[in-house]
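Protein chains in written order, with my numbering: chain F, 1 to 322; chain C, 1001 to 1322; chain X, 2001 to 2316; chain L, 3001 to 3316.
What the hints contain is simulated information worked out from the structure, not anything from laboratory work. Keep in mind it's a predicted model, so treat the numbers as computed, not measured. Any given hint might turn out to be false.
As the list claims (entries may be wrong) - With a straight-line cut-off of 30 Å between C-alpha atoms, the simulated BS3-like cross-links for lysine-lysine are:
no.	chain 1	residue 1	chain 2	residue 2
1	F	Lys246	C	Lys1246
2	L	Lys3102	L	Lys3226
3	F	Lys188	F	Lys153
4	X	Lys2102	F	Lys153
5	C	Lys1188	C	Lys1273
6	F	Lys34	X	Lys2226
7	C	Lys1034	C	Lys1153
8	C	Lys1273	F	Lys273
9	C	Lys1246	F	Lys273
10	F	Lys36	X	Lys2226
11	L	Lys3226	C	Lys1036
12	L	Lys3102	C	Lys1153
13	F	Lys188	F	Lys273
14	X	Lys2289	X	Lys2102
15	C	Lys1273	F	Lys246
16	X	Lys2102	X	Lys2226
17	C	Lys1246	C	Lys1188
18	L	Lys3226	C	Lys1034
Said to hold, decoys possible - Simulated coverage check for chain C against chain F, where a stretch passes if three residues somewhere in it have a Cβ under 8 Å from a Cβ of chain F:
no.	region
19	1087-1093
20	1284-1290
Note that the Cβ used here is the ideal one computed from N, Cα and C, for glycine as well.
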Amino acid sequence: MQTMTVTDAVSAALAEEMRRDDRVLIFGEGVATKRKDLLAEFGAARVRNTPLAEGIIAGTAAGAAATGLRPVVDLLFAPFLCYAMDEIVNSAGKLRYMSGGQFAFPMVVLAMTGGGWGVGAQHNHNVEAWFVHSPGLKVVMPSTAADYKGLLKAAIRDENPVLFFTDIALGYAPGAVPEGEVVVPLGKAAVRREGADVTLVSYAKSVHACLQAADRLAAQGMAAEVIDLRTLKPLDEETILRSARKTGRVVVVHEASRMCGVGAEIAALVAEKAFGDLRAPVMRLTGPDAPAPASFPLEQAFAPSADAVVETVGRLVGLVPA
Amino acid sequence: MQTMTVTDAVSAALAEEMRRDDRVLIFGEGVATKRKDLLAEFGAARVRNTPLAEGIIAGTAAGAAATGLRPVVDLLFAPFLCYAMDEIVNSAGKLRYMSGGQFAFPMVVLAMTGGGWGVGAQHNHNVEAWFVHSPGLKVVMPSTAADYKGLLKAAIRDENPVLFFTDIALGYAPGAVPEGEVVVPLGKAAVRREGADVTLVSYAKSVHACLQAADRLAAQGMAAEVIDLRTLKPLDEETILRSARKTGRVVVVHEASRMCGVGAEIAALVAEKAFGDLRAPVMRLTGPDAPAPASFPLEQAFAPSADAVVETVGRLVGLVPA
Amino acid sequence: MDTRERVRALERMMLIRAYEETVIALHAEQRAAGTCTAVGQEAAAVGVVSALSADDQILTNHRSAGHLLARGADPGRMLAEVMGRRDGYCGGKSGSLHIAAKELGVVLTSTIVGGELSLVTGVALSRSMLGGEGIVACFFGDGAACEGRFHESLNLAAVWNLPILYVCENNQWQAFVHRRETTLADGVAPQAAAYGMDWRTVDGNDVDAVRAAAERAVATIRETRKPFLLEVQTYRLRGHFEPDDQSYVDPQELERWRARDPILLARNRLITEGHLSDAAAQEMEAAVKGRMEQAAAFAEASPFPGFEALTTDVYA
Amino acid sequence: MDTRERVRALERMMLIRAYEETVIALHAEQRAAGTCTAVGQEAAAVGVVSALSADDQILTNHRSAGHLLARGADPGRMLAEVMGRRDGYCGGKSGSLHIAAKELGVVLTSTIVGGELSLVTGVALSRSMLGGEGIVACFFGDGAACEGRFHESLNLAAVWNLPILYVCENNQWQAFVHRRETTLADGVAPQAAAYGMDWRTVDGNDVDAVRAAAERAVATIRETRKPFLLEVQTYRLRGHFEPDDQSYVDPQELERWRARDPILLARNRLITEGHLSDAAAQEMEAAVKGRMEQAAAFAEASPFPGFEALTTDVYA
Ligand SMILES: Cc1ncc(C[n+]2csc(CCOP(=O)(O)OP(=O)(O)O)c2C)c(N)n1
Ligand SMILES: Cc1ncc(C[n+]2csc(CCOP(=O)(O)OP(=O)(O)O)c2C)c(N)n1
Ligand SMILES: [Mg+2]
Ligand SMILES: [Mg+2]
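Please take these sequences and the hints and turn them into a complete structure.
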């Protein structure tokens, strides 16, 4: 094991995959400037700066992916994906189907999101649910350095377009990363902590809020199971349902807003497929239905806290005594 | 009462609102060519063709709305909204908040979607859930000619950006529309049929599938309540929950895909707030997680049918006998 | 082009016209969904596509039938696609507006106006990074040139030296809006200069002229590995989409362009120059119509896809 | 500009510089979030904004502090916004990168690069439909000119005759990418010609030249009610965002432009011409610094917004 930050884990994954497969290349606004190490090792053809134009960056990735390359593109911040929605959704996501399977789109789109930088809603907007809702795409949003590395490597090897989101607040978070090859398969959630009384389902930085909450709940005698989704699409329904059936109580936690978010999907899934085992309402704890504020204390209050998780579980248990 | 098609109801609403308020104007690709009547009555300044560029059309609407006009823009088909996501989401949806309430964005974006035209996934993609998930926007998707008229008039009068979706399959559907002023408030669902055994929640053309299903269920002795959401955001939680509590069984039906769709939101809402009254799992009946096919029989099979609704209710009742 | 090639070009144009008339008829009988035709633009398709080599690739837009047929696509499989049948190039999933045919190097028919412009840079990047002589042709309309992607695509192609032949088929219309309502510029091609790109405008109804201009452009791209923008001035003789009564079209303008129908021009010229007899031309016309009848029969005999096809090919 | 105005322009530039240095210091002490400064670009802001009338409007981008201050914004309320306080122009919700100030006619600071270009056409449409003499100025960077919206915005403004002064502040950088890596074109302004729009390029570090060019452009727009593109050639003397070590910047290029610091140029010119004494200049500098200390104190005294503000102002 080695300790590295999420940012370094991402860099390591890129370097390893570019070394392994010379069809992999990376481009975006400032990529060659900021990734000097990759530029030095792989050269200017495979590590490129681009003009400032997200649409054509994503479109170029889709066209390249369809014809033999395996591009990774850095679109910087999630709100900027708005300029590339056509290329991601209408082209990369649909053209395999529309062509009757003639083309595949092995490409990865990187974007950062979430609170922590204090620069407001045009840099911080959790839109991962849009892509979960759209066909043909995969969506990844890890919570640990090891998973950032292992899932990015899997994403680059996948034959489908993958949206890979980095939670800004985790960028400098150090974590243990196994030495050698680490590939974490897409579509598998991780049970971060086992428990029989309540299931906390979350992803990205909210996993850490859930783990903190689980500690405090343990002190109160409640054993919380914490599920880190890691991949939002395909969703690991089995792991979620197994836990829901065991504990009978589910709280979903994320920073993205509530309506039609990933939490809605999980609540709906559980309410349909684990209905008979539920002992309490399925609860969602999410960011408000509002743009992200810049002001530091507001930005901090935007994402669900460990306190809020503890409080929600408390209400849940009070509501329907076991 | 008069009988008119959905298309005519939309035209009537536009004409009435433009007559009432001279700040209302409409523009888009071919708007002035196709709406000769509006052009003749209101002139070339208020009824405009545009160059082919959805982004700037939506951006122009947002800028105009912030500074005294009340634009309606026609972006034609829902997948083309992908080119205007930045203007709709990052500007129209967020700038009121980001400016601390200094500006408002009274504008309406029109788009068609859904099966029925056989031209495939770059014209047909139900993306309404994206906008429900995004802050600052309202989303409307009616099912009857009267509501197309009344809700469009309300949307034009609203101080917020409203996405107004027309289900292609309903375009030529005639319906009764009251004479005189018809304004249907945003945010109110309609109970299309009352019943005590199961609640069918849907919107747009799926409402008609639910009504047909309700007829057949009635023949089997099951009384289905049919809720037409009409407005997807703000969502009429009260009407949904009242019915869910009454029947204890909920099936949500729509053509849009399942994950993180409007059905997920409603299932999650019911599973949280009507949990104690539920007698059966909350079910979703949706389009598949796939792009819309062009081939006629596939396109028809894409959207949930009345048969599928009847079958799902049957399973629900079999699953958990009352 | 030598005489044989010129006759062949005329025949290809006739084939395209016959194909589109077949689609129009099928639609009128409700046997196929509506579609966009490019009647009047056949010289652009044949002139450019015939200047390409077999390993070049093509991306195109909603008016792609001519490009596909000029490339040698099977009209039976195309009609099957238009009719949503299993033997269509895309198994019925694409319909008329998005036919891709990998075996022909046709990577994309985009119905999102501008989609072809946003993907072509990537296809050309593959060409330049994976080796080979191939170049990529990208057909788009004057309307697409109003989308921001046009600008983004040309700029990136210029900066990255991508081997792309941009072909703007300026048919004076953007669906229901005349080009003059959408821009103050005379033509699209001069914009290329702003990106440091070479360009040329050509009479798009003269197949010989298009072919000659395309040949020169292709040769330049092969040599320099840099992009080139060729603007083909032509006219959409039918409506935007079937059906469309064209009530918004200036009848005089339409008449002027009808008189310059590219098939008429090519045919008359070959006859005048003594390379073709009227009888031979009529025979050719009859032959392509016969081919279309066979193609339609093939398409109609093809079954619809099974319902399982709803969810296949979504993920690789 | 008469002498009094020229001295005032110098003072405004000093005020802007002092403001940005204050923000940099506050950020270094972790009392404010990071931000984008426009150190070295003050002449562009002051030259253009001082040529506008009170009822003209402004849309701008992430480097907007100079535009706001040139327009008369209160540095205290700006700093309060940067520090996320209640008395900020947007109640702390916008932060440094999106300050709008309706009372000053500043409709938008967009941090989405290109957002200002996509909204300005609508603001100008309101101006032309609701009457009045007002025009709208839109500041954007050379990077924004790579986004497709640039092209869409200019084309629409030209076709619809919208009274817009487009101001491209070409500072040679697009975040971490030098302009020469992103385009083969020499300047941005000549692209205006492709849209049938009038344009001009001016030395952006010479405030007198910018002011004169802006005055002429504004007069033209008022008369013709047509858009105009003014390109202001300048240089970003600091990094893209605080902090940024500029390790990727060619030190010689930076030195060349530092020697042409617009404040230095204006100050020296006024002194050489005998309109200003060194002592008076130093006094001005001290005065603006004093103002900034007051502004920072005001901002820091302002409370953070209450948590209820999380969800106010979402809907009207
Ligand atoms: C993004 C997008 N916007 C609008 C449309 C609707 N539409 C289809 S074709 C067309 C006109 C395209 O004009 P042009 O690019 O000149 O091509 P032409 O049809 O003239 O061949 C329009 C507006 C679309 N398909 N995609
Ligand atoms: C749509 C979008 N893409 C990328 C960014 C990140 N970004 C912020 S400023 C900037 C550079 C902008 O360059 P330019 O337009 O020349 O303005 P300058 O910063 O030089 O003033 C970039 C890439 C952004 N904010 N928005
Ligand atoms: Mg055209
Ligand atoms: Mg710049």
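**Request:** Decide if the proposed pair is consistent with the structure: Lys188 of chain F and Lys273 of chain F, CA atoms, cutoff 30 Å inclusive.
**Result:** holds, 18 Å
**Request:** Could you grab the alpha-carbon distance between Lys1273 of chain C and Lys273 of chain F and see if it respects the 30 Å cut-off?
**Result:** Given pair Lys1273 of chain C, Lys273 of chain F holds - Cα atoms ~18 Å apart, limit 30 Å.
**Message:** With the threshold set at 30 Å, check whether the alpha-carbon distance from Lys2289 of chain X to Lys2102 of chain X stays at or below it.
**Reply:** Holds: Lys2289 of chain X and Lys2102 of chain X sit about 26 Å apart, inside 30 Å.
**Asked** Hey, Lys3226 of chain L versus Lys1036 of chain C, does the alpha-carbon distance stay inside 30 Å?
**Response** Given that 30 Å is the threshold and the Cα spacing comes to 27 Å, the pair holds.
**Request:** With a C-beta cutoff of 8 Å, work out whether three or more residues of the region 1087-1093 of chain C approach chain F closely enough for the coverage to hold.
**Result:** holds (count 3)
**Straight-line alpha-carbon gap Lys2102 of chain X to Lys153 of chain F, limit 30 Å** = The hint holds at about 28 Å.
**Whether chain F covers the region 1284-1290 of chain C (at least 3 residues having a Cβ closer than 8 Å to its Cβ atoms)** = holds (count 3)
**Asked** Between Lys3102 of chain L and Lys1153 of chain C, does the CA-CA distance stay at or below 30 Å?
**Response** holds, 28 Å
**Asked** Would the pair Lys1246 of chain C and Lys273 of chain F pass a check requiring their Cα atoms to be no farther apart than 30 Å?
**Response** holds, 22 Å
**Message:** What's the verdict on Lys3226 of chain L and Lys1034 of chain C, does the C-alpha distance respect the 30 Å limit or exceed it?
**Reply:** This hinted pair holds, its Cα atoms lying about 28 Å apart.
**Prompt:** Taken at face value, is the distance from the CA of Lys1153 of chain C to the CA of Lys1034 of chain C at most 30 Å?
**Reply:** holds, 20 Å
**Request:** Verify the proposed pairing of Lys2102 of chain X with Lys2226 of chain X, using a straight-line Cα cut of 30 Å.
**Result:** Measuring from Cα to Cα gives roughly 24 Å; hence the hint holds.
Hint compliance for this structure: no hint is broken.
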